[in-house]
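Read off the chains here:
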Amino acid sequence: MYRTKFSDHLVLILGSLFLCMPVVVAFMTSTHTAADIHMNGLSLAWGDNFIATYEKVLTQKGGFTGDITGARMVMNSLILGIGFAAGKIVLSMMAAYAIVYFRFPMATLSFWVIFTTLLLPLEVRIMPSYEVMSNLGLLNSYTGLIVPLLASATGTFYFRQFFKSVPEELLEAARIDGAGPFKFFIDILVPISRTMIAAIFIIMFVYGWNQYLWPMMMTTDESFFTLMRGIKSILQVWVGSNIPDYNEAFALAVLAMLPPVAIVVIFQSWFIKGLTESDK
Amino acid sequence: MAYTTSQPQPGGFLSRLGYRGNARSKKTAVAAEEMKRVQFTSPVLPYLFLFPQLAVIFIFFYWPSVQAVSSSFYLEDPFGFGSTFVGLSNYTDVIFSSEYQSIALFTAVFTVLVTFLSLSLGLLLAVKADRVIRGASTYKTLLIAVYAIATPVSGLIGMMIFDQHVGPFVKMMSYFGWHMQVGLNYYDTAFAMTVVAVWKQIPYNFIFFLSGLQNVPVSVREAAMIDCRSGFRRFWTVILPLLAPTAFFLLTINVTYALFDTFGIIDVMVKDKPANNPVTLVYKVYADGFRGNDIGGSSAQSVILMIVVFVLTIFQFRFIERRVHYN
Chain A
480 MYRTKFSDHL
490 VLILGSLFLC
500 MPVVVAFMTS
510 THTAADIHMN
520 GLSLAWGDNF
530 IATYEKVLTQ
540 KGGFTGDITG
550 ARMVMNSLIL
560 GIGFAAGKIV
570 LSMMAAYAIV
580 YFRFPMATLS
590 FWVIFTTLLL
600 PLEVRIMPSY
610 EVMSNLGLLN
620 SYTGLIVPLL
630 ASATGTFYFR
640 QFFKSVPEEL
650 LEAARIDGAG
660 PFKFFIDILV
670 PISRTMIAAI
680 FIIMFVYGWN
690 QYLWPMMMTT
700 DESFFTLMRG
710 IKSILQVWVG
720 SNIPDYNEAF
730 ALAVLAMLPP
740 VAIVVIFQSW
750 FIKGLTESDK
Chain R
805 MAYTTSQPQP
815 GGFLSRLGYR
825 GNARSKKTAV
835 AAEEMKRVQF
845 TSPVLPYLFL
855 FPQLAVIFIF
865 FYWPSVQAVS
875 SSFYLEDPFG
885 FGSTFVGLSN
895 YTDVIFSSEY
905 QSIALFTAVF
915 TVLVTFLSLS
925 LGLLLAVKAD
935 RVIRGASTYK
945 TLLIAVYAIA
955 TPVSGLIGMM
965 IFDQHVGPFV
975 KMMSYFGWHM
985 QVGLNYYDTA
995 FAMTVVAVWK
1005 QIPYNFIFFL
1015 SGLQNVPVSV
1025 REAAMIDCRS
1035 GFRRFWTVIL
1045 PLLAPTAFFL
1055 LTINVTYALF
1065 DTFGIIDVMV
1075 KDKPANNPVT
1085 LVYKVYADGF
1095 RGNDIGGSSA
1105 QSVILMIVVF
1115 VLTIFQFRFI
1125 ERRVHYN
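Residue numbers (our numbering), protein chains in the order written: chain A, 480 to 759; chain R, 805 to 1131.
Next up, chain A with everything else stripped away, as it sits in the complex (with noise of 0.2 Å):
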């Protein structure tokens, strides 16, 4: 067998340095104090102000019009991933229910259709989703944040492959049970598709909380502000102050990456699994 060499391990060590050291730097550097860091630069020693500016950065008002914590801004993260995550889930295994196991004309319609908001990322047509929300009067409102969001077919896809390998006996003795479509989909369908569900709402989840341009655009109420939005603000308060915030600034970032690294450092095998094998 092959026996494990020095320099295996070697670019491995650089490998994870190289990966981990900046976010471990935002951390503890995010615990001097402004005046510390900008005397002393970047930190990889604990340093004594770790509750001040955390308690500062969670809960005194800030930004422009001042009615906007840290602490609302973890809220409406959680508010958009959850949201986005949850709706995707629905709005997608409905979708691939319908796909997979219905007979009706315009199934290869409907597939196609689906399939092709894969081709166009949002970034692309940005500007005329804006005019969109904005006839639609939905800017500054979470149903604005969320809902034009769900117009992609990822999660169509994982939800097709999935149903596409449960074995065709199920539903056979599902029929002759008596069971209709209804009973089929919430009693056996959607029970047995647990561990996707969570792999999907995992994977969604980390989307939605890291979305930022689309926040960025559709929120100038500051009540609405995502972390994502938030920092993006922090940098243009940024612009002519004499020493700039950086505990802050790290302190923010820290909170906003947080939670999607917790859950994949957790939830790494599900993570993984939903990423790599979406036919199993």
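Everything labelled a hint here was simulated from the structure, so no lab data went into it. Note that the structure is predicted; figures quoted are calculated from it, not measured. Some hints here could point you the wrong way.
[Unchecked claim] Mimicking DSS-like on lysine-lysine, the simulated pairs with C-alpha atoms at most 30 Å apart in a straight line are:
id : chain 1 : residue 1 : chain 2 : residue 2
1  : R       : Lys-840   : A       : Lys-643
2  : R       : Lys-1075  : A       : Lys-711
3  : R       : Lys-840   : A       : Lys-662
[As the list claims (entries may be wrong)] Beyond 12 Å from chain A on every Cβ pair, some chain R residues (computed):
id : residue
4  : Thr-896
5  : Tyr-904
6  : Phe-995
7  : Ala-1048
Ideal Cβ positions, reconstructed from N, Cα and C, are used throughout, including at glycine.
Assemble chain R onto chain A, guided by the hints.
Then chain R, alone, in the frame of chain A:
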């Protein structure tokens, strides 16, 4: 996250070896292939199940896409007093502007660099992680951990690392006589952006390459071990071809990432001063449309990008799907 049609699938061993089977007929029969032998028939129900998804897609995907195409042929008054049909002149204005050309060039170079570097580093780490036994799961966790960091956050962290006053990387480089001025010097900013973009994408490639490697059957590895003593040649002639489906899939994902998803990194790192800084085409669509209020020009750029994405997709279908058989 993914705009492409195919996920690498563990599939059968033969498919990994490039077994093509009835690939061609399969492509034309996507819809037929997904049918189950037993299905429900109902005049209303399937439409009822499809309705929410289709409604959202029509309102928030097709409507804006059509609008983008149509407004690219109009010159819109910036104060909202109607618009005039100008034919293709938005397109010619965009394509022949030297600013657009230089941004397009930067985007191309940036995309190639980011794709190449993050793919090769991801592959290198995956190959090493696949080999080690001691500490394997620790390495894996460390290498995957930063996957979920959002692009603006990585841009922010990058900005600090490359900050002129406090950035450790800048301090280190000044010992070597390189006085970086990220945000002021075009090339320094481009360098910093590329590093951050690669950093953010390595874990994704790592995850897929590692799972691809772990799907290579032990029997194949052992056979290769007997046939070929040189580790490098074994990797090059046996393992790498087996990774081809994964690599091709990742190629498209990484190109779309570099083209579109890096927006957050770029927007944070140029700090609203795109004038003397490198930006990508997507950033320009946003900047012209939102800041410049040039709806027609911005829409024309959108349509050009749509065409780029279409070409990429067709490329993927024609050259990649044909050579590599999934499922």
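Each hint, compared with the structure:
Taking the CA atoms of R:Lys-840 and A:Lys-643, the gap is about 7 Å. The hint holds against a cut of 30 Å. Taken as a hint, the R:Lys-1075 and A:Lys-711 pair is honoured in the structure, with Cα atoms around 9 Å apart against an allowance of 30 Å. For the hint linking R:Lys-840 to A:Lys-662, the alpha-carbon distance of about 18 Å falls within 30 Å, and the restraint holds. Against the 12 Å criterion, R:Thr-896 stays outside the reach of chain A, whose nearest CB is about 20 Å from its own CB.
Every CB of chain A lies more than 12 Å from the CB of R:Tyr-904, the least distance being 16 Å, so the non-interface label holds. Non-interface call for R:Phe-995 relative to chain A: holds, since the shortest CB-CB distance, roughly 16 Å, exceeds 12 Å. For R:Ala-1048, the non-interface assignment is confirmed: its Cβ lies about 16 Å from the closest Cβ of chain A, beyond the 12 Å cut-off.
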